[in-house]
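Engineer: What follows is the residue order along each chain.
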Amino acid sequence: MSKKNEVSFFDGKGLRNDGRRLDELRPIELEVGVLDNASGSALIRQGGNRILVGVFGPREIHPKHLALPNRATLRCRYHMAPFSVEDRKHPAPSRRETEISKVIREALEPVVFTEYYPRTTIDVYIEVLEANGGTRCSGITAASLALADAGVPMRDLVVACASGKVGGKIVLDLNDFEDKYGEADMPVAILPHLDRVLLLQMDGNLTPKEFHEALDLAIEGSKRIYEMQKKALRDSYPIPDEPQEEEVVEVEK
Amino acid sequence: MTIMVEKRQLVTPGTLLAEGNYVLGENTFLEDGKIYAARIGLFNSAGRVVSVVGLRGVYVPQVGDEVIGKVVDVGLYSWLMDIAAPYPGVIHASDVFDGSYNPQKDVLSEVFNVGDYVLAEVASFDRTKDPTLTTRGRGFGKISHGHIIEIVPVKLPRLIGKKGSMVNMLKQETGCQILIGQNGRVLVSGRNREDEALAIRAIRKIEAEAHTRGLTDRIRILLEEEKKKGDVDE
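Here the protein sequences line up with chains A and B, keeping their order. Just so we're aligned: the first sequence equals residues 20 to 272 in the numbering used here. Just so we're aligned: the second sequence equals residues 155 to 388 in the numbering used here.
Isolated chain A (complex conformation) (with noise of 0.2 Å):
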């Protein structure tokens, strides 16, 4: 294809249209605890991504058909709003939006303990503010962050991070540009603690060798993610540090 050559992913020093170097993450933000009506949830932005995701319950489940004798139903919807992307996107659920809800809700089910509520729901809802590529992992990256938040006993964060070839090269964390326009698009979402991978889908084609490769480059990125993802859940419990204390105690003289 004559249109794909014509595309630079590289400047002259070798970074990327974004001025990233190759495994090099887009800048990520984590913020836990930003609703008020959800039981858990989480704010991620990473690079032109902004996703919110609300988790709701273990609570009763409706249509009661849908009850499970022996656990909890892990419900999630990943959800682009009309205003996400460039074109207005239709707000109905599109066929990419159910298969993705899917695979997430695959991702994050094994990490749960379900069998602890049964016969209820946990609902997760993933919605998509502002997408610019790589929005499946930034969801699950958000979405456990979210259960955490509830309280939903988990064995472990799911962290995902996405990895590909773009002009010959394997890259981290594709944005939409590479993503359209690259070889490759690898998203994999694992387990850190119990070395598991949970989602691994590709699209387009690298050899045996460059897959390893790029897989690698996924589960390393993944790792720096879930440090930032520690952080942001550690820093929604503040601890009142000892000069406010004594501050209170000079207010009591």
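The set of hints was computed from the structure by calculation and includes no laboratory data. Treat each hint with caution, since some may be false.
Selected chain A positions facing chain B (Cβ under 7 Å, derived; list incomplete) [to be verified]:
1. 137
2. 176
3. 212
All of these numbers come straight from a predicted model, not from anything done at the bench. Each residue gets a CB set at the ideal place from its N, CA and C atoms; glycine is no exception.
Chain A is already provided as a structure; the job is to place chain B on it using the hints.
Structural biologist: Okay, now just chain B, sitting in the frame of chain A:
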């Protein structure tokens, strides 16, 4: 045989807590001989038991718990209660009418109507059936006055304090009656609105700072300060 984290350290799900011959406490799980945290909370160990004191989570009913429920539906033979849990509670008419209930004569909505708050005890609950509640015995039944607030149920032990030290201090300093339902609903009833508002403010502060040390002292200072302010105003 090693413990990886300090006591009272804030841990996140998946944090490695200990390795070796330890007993699993609450909010922990075993994987490949290692013990991990299952929930965000504060690490605790007592003897060989390692556990995590959760900071968030829903109320799961247990037989014998005193709960504050809200009537959501009145049926012919029972009331359906919202008990701030993943499962709805049920009070059977026979429980209130001592077995002599006659649906043609007795009107359930005259006893508890939709929207009423009721103090009850969990009579039965297991994984297969929704909890049933009973209002028989000491002080149970409809709640007629006061304020009801909801707090995260896992933080109740902090509101109660060691041997009730925190809640007793709150009662003393604010002059309010404070009734704690195990499901996280707290009834505050005092002589006036101001007393109740102060008690509620203190409870909210306890909830927000449940994971910190020296909380009882900070709450005492807050209450004393507010009292002084009140005296000046008068």
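Engineer: So, for every hint listed, does it hold in this structure?
Structural biologist: Checked hints:
no., hint, result
1, 137, "holds, 5 Å"
2, 176, "holds, 6 Å"
3, 212, "holds, 5 Å"
In this structure, every one of the numbered hints holds.
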